[in-house]
Amino acid sequence: MRVLFAGTPGVAVPSLDRLVQDGFEIVAVLTREDAPVGRKRIMTPSPVAARAVELGVPVIRANRIDQGTMDAIRAAAPDVAAIVAYGGLVPETALGIPEHGWINLHFSLLPAWRGAAPVQHAVIHGDDVTGASTFLLEKGLDTGPVYGTLTEALRPEDTSGEVLERLSRSGAVLLSQTLAAVGAGNAAAVAQSGDVSLAPKLSLEDGHIDWRQPALAIRRRINGVTPEPGAWTMLDGQRFKLGPVRPRPETRDVPPGMVRLSGGSSASALVGTGSHALELDKVQPAGKKMMDAADWARGLGQREDVRFE
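Read in order, the letters of the sequence shown correspond to residues 1 to 309 in UniProt numbering.
Mixed in with the good hints, there may be bad ones.
[What the hints assert, rightly or not] Calculated lysine to any residue pairs in the SDA-like style (CA-CA distance at most 25 Å, straight line):
| id | residue 1 | residue 2 |
| --- | --- | --- |
| 1 | K201 | S170 |
| 2 | K282 | E250 |
| 3 | K241 | E205 |
| 4 | K289 | T44 |
| 5 | K289 | R239 |
| 6 | K201 | L95 |
| 7 | K289 | G38 |
| 8 | K241 | N186 |
| 9 | K289 | G257 |
| 10 | K282 | K139 |
| 11 | K139 | N186 |
Read the hints as simulated data drawn from the structure, not as lab findings.
Note that the structure is predicted; figures quoted are calculated from it, not measured.
Please construct the entire structure, taking both the sequences and the accompanying hints into account.
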């Protein structure tokens, strides 16, 4: 089949590679426009665009699918469109351009976590199992009938970035299998059933940690917003970034937000919560690089009033 591939971030690249590897003809790639990256705000192509150029595949750059974009898609004459984290809505007028429609790889077990950040919300809410689904795109938000699914257990230490990395690879296989079945005429899409939950895009504020919450909830939130949008707290009026943490249930005498250096030569930096302490692993003070939390805490000297807000 002739495939239009729509995707933008790095998690979509394994799917593009898999479709090429499995012999699909990628007639064009649809991705978002180049965007400024880094402190110098250098205009940079999306990971999918960069990979498409390496593969010699024509690239359609568009942040929204307007009439000009639809004309470009028609000119590519795809039989089907495969979409993985494109980052924009596909208007109803574009859905019928490919004969077999748009088939979306979504990183959740639909109808759970419809929206832009399914893995992040699954981790934050402490789901035991997540997965991926391929479904036929329709007008509603992630509401279309499902072709196939895969499941994966979530571990307590998993960050959303780690889970997405795994699902991007296993999901690529699922997407390829779905397209092959559609092309062979033996794919059956089944209407979604079960409880619906929504996973809107996370904002910077979603990474702000409330130390009054129980340690389990804080750990899940930190893992869920890692690496994006990132976990943070306030210290001395400045934003202080946080890496993943480890539970220390034996330590319950540290007030919420208070930092304590514990352990002598093999010191660890502990922070209090609404239940028991958490051990900080990596931290990034304002204006500095990410560093070991224990090294940062030792650098505080005799200061005893370190408290996150």
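Structure-based check of all given hints:
no. : hint        : result
1   : K201 x S170 : 23 Å, holds
2   : K282 x E250 : 21 Å, holds
3   : K241 x E205 : 12 Å, holds
4   : K289 x T44  : 23 Å, holds
5   : K289 x R239 : 13 Å, holds
6   : K201 x L95  : 23 Å, holds
7   : K289 x G38  : 14 Å, holds
8   : K241 x N186 : 50 Å, violated
9   : K289 x G257 : 22 Å, holds
10  : K282 x K139 : 43 Å, violated
11  : K139 x N186 : 24 Å, holds
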